[in-house]
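Trainee: Sequence:
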Amino acid sequence: MTSYLNYFGFGGDKASSGKAVDGLPAKQSPVRALPATWYTSPEMYEFERRAIFTRRWLFMTHSSRIKNAGDFLRFNIAGYDVIINRDRAGNINAFHNVCRHRAYPVVEKKEGNARIFACRYHGWSYGLNGKLAKAPGYQDLEGYEKEQNSLFSIHVKVDINGFIWINMDAKETPEVPWEEHFDNVDKQERYSEFDFDNYELDHTYEIEAVWMLHGIFEIWPLFHAMPPCLLIILFYAMSSVE
142 MTSYLNYFGF GGDKASSGKA VDGLPAKQSP VRALPATWYT SPEMYEFERR
192 AIFTRRWLFM THSSRIKNAG DFLRFNIAGY DVIINRDRAG NINAFHNVCR
242 HRAYPVVEKK EGNARIFACR YHGWSYGLNG KLAKAPGYQD LEGYEKEQNS
292 LFSIHVKVDI NGFIWINMDA KETPEVPWEE HFDNVDKQER YSEFDFDNYE
342 LDHTYEIEAV WMLHGIFEIW PLFHAMPPCL LIILFYAMSS VE
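Quick note: the sequence shown uses this note's numbering, first residue 142, plus one each step.
You may find that some hints are simply not true.
As the list claims (entries may be wrong) - Once the Cα atoms are required to be at most 20 angstroms apart in a straight line, the calculated EDC-like pairs of lysine to aspartate or glutamate come out as:
#1 Lys-298 / Glu-288
#2 Lys-208 / Glu-341
#3 Lys-298 / Glu-320
#4 Lys-250 / Asp-281
#5 Lys-328 / Asp-338
#6 Lys-298 / Asp-338
#7 Lys-298 / Asp-327
#8 Lys-251 / Asp-222
#9 Lys-251 / Asp-300
#10 Lys-298 / Asp-228
#11 Lys-272 / Asp-222
#12 Lys-328 / Glu-288
#13 Lys-298 / Asp-310
#14 Lys-208 / Glu-320
#15 Lys-250 / Asp-212
#16 Lys-250 / Glu-288
#17 Lys-251 / Glu-341
#18 Lys-298 / Asp-281
#19 Lys-272 / Glu-288
#20 Lys-272 / Glu-249
As the list claims (entries may be wrong) - Here are the in silico distance ranges between beta carbons for each label pair:
#21 Glu-189 / Ala-230: 28 to 38 angstroms
#22 Arg-190 / His-263: 26 to 36 angstroms
#23 Glu-330 / Thr-178: 40 to 50 angstroms
FYI, nobody ran anything at the bench for these hints, they're computed from the structure. For glycine and all other residues, C-beta sits at the position ideal for the given N, C-alpha and C.
Given the sequences, and given the hints that come with them, work out the whole structure.
Mentor: Dropping the structure here:
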């Protein structure tokens, strides 16, 4: 990362910082765009995974997609395998899709309904609330604590319109509260005209793209072609940016 900081004069390189050097007047540095490596390098991608995707609130989907107890959805977010489900108490949860025994996925389908999350590798199983239910070969060992081997949970926020957000911060309380970036974004008057529970997902598709590139393209001409439900989601994101 030092090379990236030096590029913008933040790495301690006086010659490129724009400050006076050896009695010479300060020279105005040219304005430069981000180097191409910021969009393509593995190092920058790993930095983004740590600094953005695991520490910020991410919009995922709508709660109407998991209406019944046992309904689940599976997502891949920057390489993180995530489950979102509804348990028997009606709560919406999110977990890392990793068995606590040998890190095998406990869910292999993209979506569905399950009575329990069971790992096919060694038979460990978990309740819909993520708590360990069975661990063959371990559960009868003296001193073994099932409570310490639940699925790794993920912070969940369901806003008043039913949209689901997650935060993968490993701390007990996320470093960045949802309200810090999205406070009252779900309470705007324009959303009162929509009952989001009446919408049903038609289809999804995936593209190979760099997520940062969307800001380069002008999207306003596309608004007239968007259905209202997509416009609402877009306005959610735009309303959080001052």
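Trainee: The structure should be examined with respect to each hint, and the outcome stated for every one.
Mentor: Hints versus structure:
With a CA separation close to 24 angstroms, the supplied pair Lys-298 and Glu-288 exceeds the 20 angstroms bound. A C-alpha spacing of about 11 angstroms is found between Lys-208 and Glu-341, which places the hinted pair at or below 20 angstroms, so the restraint holds. The suggested pairing of Lys-298 with Glu-320 holds, with an alpha-carbon distance near 10 angstroms, which does not exceed 20 angstroms. A threshold of 20 angstroms between alpha carbons decides the hint, and for Lys-250 with Asp-281 the separation of about 31 angstroms lies outside it, so the pair is violated.
A distance of roughly 16 angstroms separates the Cα atoms of Lys-328 and Asp-338; the hinted pair therefore holds under the 20 angstroms criterion. Between Lys-298 and Asp-338 the CA atoms are separated by roughly 17 angstroms; this keeps the pair inside 20 angstroms, and the hint holds. A hinted pair counts as satisfied when its Cα atoms are at most 20 angstroms apart, and Lys-298 with Asp-327 qualifies at roughly 12 angstroms. For a cut-off of 20 angstroms, the pair hint linking Lys-251 to Asp-222 stands: about 11 angstroms separates their Cα positions.
Annotation: proposed proximity of Lys-251 to Asp-300 is violated, straight-line Cα distance about 24 angstroms (limit 20 angstroms). The suggested pairing of Lys-298 with Asp-228 holds, with an alpha-carbon distance near 15 angstroms, which does not exceed 20 angstroms. Distance hint between Lys-272 and Asp-222 is fulfilled; the C-alpha atoms sit about 18 angstroms from each other, no more than 20 angstroms. A hinted pair counts as satisfied when its Cα atoms are at most 20 angstroms apart, and Lys-328 with Glu-288 does not qualify at roughly 38 angstroms.
Pair hint Lys-298 plus Asp-310 holds up; C-alpha atoms about 13 angstroms apart against a cutoff of 20 angstroms. Using a Cα cut-off of 20 angstroms, the hinted pair Lys-208 and Glu-320 is violated, with the two alpha carbons roughly 25 angstroms apart. Note on Lys-250 and Asp-212: the hinted pairing holds, with a Cα-Cα distance of about 12 angstroms set against a maximum of 20 angstroms. Our distance criterion of 20 angstroms between C-alpha atoms is broken by Lys-250 and Glu-288, whose separation comes to about 26 angstroms.
Proximity of Lys-251 to Glu-341 is assessed by CA-CA distance (about 17 angstroms); at most 20 angstroms being required, the pair is judged to hold. Only pairs whose Cα atoms come within 20 angstroms are accepted, and Lys-298 paired with Asp-281 is rejected, the gap being roughly 36 angstroms. Straight-line distance between C-alpha atoms of Lys-272 and Glu-288 comes to about 7 angstroms, which keeps the hinted pair within the 20 angstroms bound. Of the pairs offered as hints, the one joining Lys-272 and Glu-249 holds, with about 19 angstroms between alpha carbons and a cut-off of 20 angstroms not exceeded.
The beta-carbon spacing between Glu-189 and Ala-230, approximately 35 angstroms, falls within the hinted interval of 28 to 38 angstroms. With their beta carbons about 28 angstroms apart, Arg-190 and His-263 fall inside the hinted range of 26 to 36 angstroms. Roughly 44 angstroms separates the CB atoms of Glu-330 and Thr-178, a value that falls within the hinted 40 to 50 angstroms.
This entry does not satisfy hints 1, 4, 9, 12, 14, 16 and 18, going by the numbered hints stated previously.
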